[in-house]
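Engineer: Here the protein sequences line up with chains R and B, keeping their order.
Residue numbers are given in UniProt numbering: position 104 of the first sequence equals residue 104, and the series is strictly consecutive.
Residue numbers are given in UniProt numbering: position 40 of the second sequence equals residue 40, and the series is strictly consecutive.
Note that these hints are calculated values from the structure, not bench results.
Wrong hints could be hidden among the right ones.
Once the Cα atoms are required to be at most 20 Å apart in a straight line, the calculated EDC-like pairs of lysine to aspartate or glutamate come out as [claimed, not checked]:
| no. | chain 1 | residue 1 | chain 2 | residue 2 |
| --- | --- | --- | --- | --- |
| 1 | R | Lys-122 | B | Asp-87 |
| 2 | B | Lys-122 | B | Asp-30 |
| 3 | B | Lys-122 | R | Glu-65 |
2 protein chains.
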Amino acid sequence: MTETHAGEATETGVDLAFDEQGLLPAVAQDAESGEVLMLAYVNREALARTRETGEAHYYSRSREELWHKGASSGHTQAVEEVRVDCDGDTLLYLVEQDGGACHTGYRSCFYRTVDGETVGEKVFDPDDVYE
Amino acid sequence: MTETHAGEATETGVDLAFDEQGLLPAVAQDAESGEVLMLAYVNREALARTRETGEAHYYSRSREELWHKGASSGHTQAVEEVRVDCDGDTLLYLVEQDGGACHTGYRSCFYRTVDGETVGEKVFDPDDVYE
C-alpha cells in the first residue's frame, strides 16, 4: 500500500454531516444476499482508508482508534460501494463479507430478535479465531 | 388504540444499551427485498409504540419528539420483526414499506453513492405528498 493521500480520499461528491465527535454511523450490508451485517462508526480517516484500500475500516469508539475490520480475525469486508443517505449523516457499505461479521461467530451481528430469539446463522467458533 | 402500557412493551428479552441521550440507532430494512431503507433513532417510548402498534416509530432528534413514520406522508412501515445487535446498541426493523421511505421521493434514503451518483429508485413526487 502506498502512502496515504487523505486529501484525495476524503473528498466526496456528497457533503457528509459528521457529528460533534467527527463520526458517522455506517451500516454494512452483504452486497449479494442483502443481509444487514453490522453497524459501526467511521471518522474521516476510516472512510478515506476504506476508499483507498477497498476494505472496510471503522473507528472503534471503545478502543478510540482506527479499526481495520478483520485485521485480527481475518474476517475482512471487501467494499463494493459506499452509499450515503439523504441528509448525509449515515453511510451504507455494500460488502463482500469474509467469514462472519460478528465477533460472536454469527454471520450478522443482528442474530437475535429483541425478545432474545436466535434467528441468525453461526458461521465460526470465536474460540478458534480470537486468542 | 388502547392506552399505552409502556411497562409491558419496553420489556425486551435482550438488554438494550441506550446512549447518554436515551437513544439507539435503528436501521429499517425492507423485509421482502432486503433493501436498506433508512436509519433513524429510537428512545424507549418509540420502541414501545412500535411494538404496541406494529408500525415503526422513531424519535426525531431535530424536532425532539416521538415520530410516527408516515403519519404525514402516509408512507408507514409495518414492522414484521425487531432485531438487536450483539452488544445491544443498534436495532434492525424489518418492515413492509408503504410508498417510499425517503422524504425526497426515493424508495430508500440511501439513493446515492458517496460520490453523488444516483442509484436509487424514485417512487413518488414529494410535492404531491408534503404540503
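Engineer: Hints broken by the structure, by number, lowest first?
Structural biologist: Going through the list in order, the structure violates hint 3 alone and respects the others.
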